[in-house]
Amino acid sequence: MYSKGLKPLSLATVVTLATAMALVFFYAPLDADQGFVQKIFYVHVPMAIVALCGFVAGGVMAIRHLRSGDPSWDMRAYVAIHLSIILGVGVLVTGSIWAKASWGHWWVWDEPVLVSFLVVFLLYCVYYPLRFSIEDPERQARYASVFAIAAGAFVPLNFVAVRLAEAYTHPRVLSQTGGSLPGDMRLTFLVSLLAMALLFVTLWKLELTAKHASMELKKLRRKLNARVAA
Amino acid sequence: MPALPLDEAGKYVAGAYVVFVTLIVIYVAILGAKIARIDREISELAAEDEE
Chain A
9 MYSKGLKPLS
19 LATVVTLATA
29 MALVFFYAPL
39 DADQGFVQKI
49 FYVHVPMAIV
59 ALCGFVAGGV
69 MAIRHLRSGD
79 PSWDMRAYVA
89 IHLSIILGVG
99 VLVTGSIWAK
109 ASWGHWWVWD
119 EPVLVSFLVV
129 FLLYCVYYPL
139 RFSIEDPERQ
149 ARYASVFAIA
159 AGAFVPLNFV
169 AVRLAEAYTH
179 PRVLSQTGGS
189 LPGDMRLTFL
199 VSLLAMALLF
209 VTLWKLELTA
219 KHASMELKKL
229 RRKLNARVAA
Chain B
4 MPALPLDEAG
14 KYVAGAYVVF
24 VTLIVIYVAI
34 LGAKIARIDR
44 EISELAAEDE
54 E
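From first to last, the protein sequence lines are chains A and B.
Residues 9 to 238 (this note's numbering) make up the first sequence, in order.
Residues 4 to 54 (this note's numbering) make up the second sequence, in order.
With the rest of the complex left out, here is chain A (with noise of 0.2 Å):
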């Protein structure tokens, strides 16, 4: 059900992810400011984007879990949002090692893209306990979709409020007018994007097969139990 085209889908992922550190590595310049430690930018930058557009995936899958009422959409919002923690988790890493690097310090408070990621994160670190915290699985699955919608929608308006105070953050690099990544660089980000978005969608679809493989294991079990009691 959920393996389908999986084998093609770790192929490319394999493929662009060795593309993206190439590029990184070998093609993408120096920048003339931050000099070597701006690599950081090609790994941590596209972990934050998927990890943020991952929560909200989360949100789009359990609107349809609340509207269909069919648990498998829970499943899909459950291990999108997990996959997006554990993300987060490196996208915090890495920009504590980037923030050493640049300012001297591993943390600064007074950074509003910093701690409003980290907002978000611990936002959705409560996802877990309310999740296992209910033991009745239909309760548990409408409870955590309510929370996935609602945190789901906190991350957009997130991103907006830290755009508008905009004076008080570190330069933007991407924007629609282009921005001021020179183009060599915009493309090995784009590339290093695109190998991090297909590394979530293949994790995702393994951890689903996972799970799904789980689950019919259990039906099987209890109904070869039924059948030996009989």
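It is possible that some hints are incorrect.
[Unchecked claim] Straight line, CA to CA, 27 Å or less: simulated BS3-like cross-link-like pairs of lysine-lysine:
id, chain 1, residue 1, chain 2, residue 2
1, B, Lys37, A, Lys12
2, A, Lys219, B, Lys37
3, B, Lys37, A, Lys108
4, A, Lys15, B, Lys37
It should be emphasised that the hints constitute simulated quantities derived from the structure, not laboratory data.
Let chain A serve as the given structure and place chain B on it in line with the hints.
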């Protein structure tokens, strides 16, 4: 702050990429172990069914 020299910047860049790779490897390893367990349970179930 001025740009760090290459030898000093290298450890930060390596650190960031190692964090990313480590996260993915740990995630895939956990998923791999889960799939291996499912595979084992399917074999056990098949054997039970044959008995």
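Hints versus structure:
| no. | hint | verdict |
| --- | --- | --- |
| 1 | B:Lys37 x A:Lys12 | holds, 19 Å |
| 2 | A:Lys219 x B:Lys37 | holds, 9 Å |
| 3 | B:Lys37 x A:Lys108 | violated, 37 Å |
| 4 | A:Lys15 x B:Lys37 | holds, 18 Å |
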